[in-house]
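J.: So the protein lines, in turn, are chains H and Z. Per our numbering, residue 1 is the first one in the first sequence, and the count goes up by one each step. Per our numbering, residue 172 is the first one in the second sequence, and the count goes up by one each step.
Do not take every clue at face value.
To be verified - For each label pair, taking beta carbons as the anchor points, the in silico distance ranges come out as: (1) H:P84 with Z:A263: 38 to 44 Å; (2) Z:D609 with H:T14: 33 to 39 Å; (3) Z:A511 with H:T2: 47 to 53 Å.
Claimed, not checked - Okay, the calculated bits of chain H under chain Z, using three or more residues with CB under 8 Å as the criterion: (4) 25 to 33; (5) 50 to 63.
To be clear, the hints were calculated from the coordinates, so they are not data collected in a lab. Every residue, glycine too, gets a C-beta built ideally from N, C-alpha and C.
What follows is the residue order along each chain.
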Amino acid sequence: MTTFNLRVNGKPHTVDTDADTPLLYVLRNDLQMNGAKFGCGLGQCGACTVMLDDAAVMSCLVPVSVVGERAVRTVEGLGTADAPGVLQRAFIEEQAAQCGYCIAGMIMRATELLEQSAAPTDDQIREHMMPNLCRCGTHMRILRAVRRAADTMHAGPGSSTSSTSSAGAKA
Amino acid sequence: MDHDPGSPHHSRHHGAHRLRWVVMGALILLALAGCAIMWRPALEPQPASRSGAAAQAFDAATVERGRQLAALGSCAACHTVDPARPFAGGLALATPFGTVYSTNITPDARTGIGAWSEPAFARALREGVSRDGHLLYPAFPYDYYTHMKADDVHALYAYLMTRPALDAPAHANSLHFPFGFRPLVAFWNVLYLKKDDAWAPDARQSVEWNRGAYLADAVAHCGACHTPRTKLGGTDVKRYLDGGEAEGWYVPALNAHSPSPLPWTTEQLASYLRTGIATDHAAAGGPMQSVVENLRFADPHDVTALATWVHSYMEKAPHDAARARTADNLPAPVDTDADARMREGHAVYQNACARCHALGRSESSGAALPLQKAVALYDPDPRSLIHIVRDGIQPPNGEPARWMPAFGAILTDRQTAALAAYLRRYGAGRDPWDHIEDSVRKAKQP
C-alpha cells in the first residue's frame, strides 16, 4: 500500500492503495465517484473515459501511480442534476442515453474534442468519438448531442442559458 | 602556384580566365546533358474505346495473377486510402524532401490511368515516367519495379485495368525547394535507377529462394524500407537490408544485423508476413501493418517463398536467446544503478505494462509478449518502442489480430522516456539508447 495524492475535479484527495490499482477503481471504490464505469477493463470500450489534464484516457488502463500531479476530471465535475453542464444538457435534450452505461465516458470523450476544437465538423465528431462504444446503438443520438453541445458553445456564453441550443445558435 | 616566383601575374590572370571558360563550357555541356536525360516523350493516350475492362479482353487467370502481384507489391498500402475507393490514391507520404501524394491508378480516363497503353504503364513501372512524359517521384518505388518481368507487368496491367474506374484527381504535392521541379529526378535516376540490371536467378539457391528473391526485389520492394537510404533518398545498396526507417519507425535489419533476440524459423516468418503475428517474436505494428494487410491476399506459396528468402539473410544474425527465454519477470534496478530513470521506468513497467506482459499473463492478455522477447527493445534506437507505447497496436478494421492499447495520453513524456531507458537496460540488457527524450518529443509531432 502506498499513499497517493490526487486532484480530482479540482479537489485534493488522499488514497492508500496499491501502486498498480487502476485510476478507475480508485475513483469508484475509494472516492465514490461512480460516473466512470467498468466496461471491459482492457481499454477497448471507453465506458471508463475520464480526462487526465487535457487528454481523454481510459481510466481502467491508468495505474494510479502514473497520475502524479496531473488533474483528473470526471463527469461529476461537469455539473449536477439541477445544473447540468453544456454537454450533459445536450445529451439530455437529444435523449442520447438508452441504458446509459457508456454515457459518462462518451461525455468525457466529447469534452476533450470540444476543448480542442471550437467548431468541429460532423466528420471530426465521428472520428473523435470512435474509441467509445455503445451497445444499445444510440450512436446517432450521441453524435447529435455532441453536435448540439458544440453549436451551443460556439454560439457563445449568452446562448448557453437558453433551453434549446439550436434555437440559441440561430438567434 | 601562388608561391611559384617564376609565374608572372598576367599569366596567372590569363590562366584563371581560361579556367572560367572551361568551367562555363562544362556547365553548359552538363546542362545540355541534363536536358537530354530530363526530357521524356509523352506516349499517345489510348483511345477511349480501349480504356477500361470492357474494351480490353484479359483472361481471368491473368487478372487473378495481377491481383496477387498487386497484393505482394502492397500497391493498396499507398494507393488506397478509403477501402470503399480502392486504388483511387490520395495518401500523403512525408519524405525528407516534402510531402508526396499517391495518385489514382484506377482505369478512369481523366484522373486515373485509363488512357495509359500497356507500354506507357510498363514505362512508368520500369523507368518512373508518367504517360505524358513527366518524371514520377521515387516515393513510387520504380527503382524496384524496374526488375519486374514483362508477363508480370502485363498481369498487373490487366488487374488494374479491370478495377472500377473512379474519379479522383491527383492531390498537389508540397515539396521543399527545389524538389518541386520534377526534371531533377533525372539525376536521381542516373544514380539509383538500375534499369538495365535485369533480375537474374542465383544458380546456387533453390527455386523457391529465387522465387522469393525476385518477388522481394521486383515486387514487394522489401528493401525500400528495410535498407537505409542515402542523403539523396536512394536505397543504399552497400547496406542492403541493414535496417531503415518508415513513417518515423525504425525498420529492422533483416541481414546479419537483425536485432531479434531469438532466431526466426521460415515458418514463423511466413506466418508473420501473412497474419502479422509470429509466436514468440512479434506482432506487426506501424508501417508493416499495411504490408501484412496486403500480403494476406497474396498466394501463400509466394509468401512462403518470400519468407525463405528473408530467412537466408536473417539466419546470419547472432542471437541472445538465453536472455529472451529468461523465465523471470523484468527485475528491479540494482541499488548501484545511478540512472534515476531506471526506478521510475521500472515502476511504470510494473504498474502499467506487467498487467499484460508479465509471465503467466499470456492467456488473459491475448498473448502479450514477455518484454525480454520484444524485438523493439533490441533495436538500435528507441523510435519503434516509443511509437508502440504511444499509439499501441490497432488491428486493421474487421481483422482479428494482436491489439495493444495506446498509452500516449496515459504516460507523461518523462515516464515514457524512463520506461524506454529501463526496458533497454533491464529487458534487453543492451547499451543505453542516446537521446530517448528527443525521440519521445519527435514521436509526438504529426
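J.: Checked against the structure, which of the hints given earlier come out wrong?
T.: Numbers 3, 4 - these are the hints that the structure violates, sorted from lowest upward.
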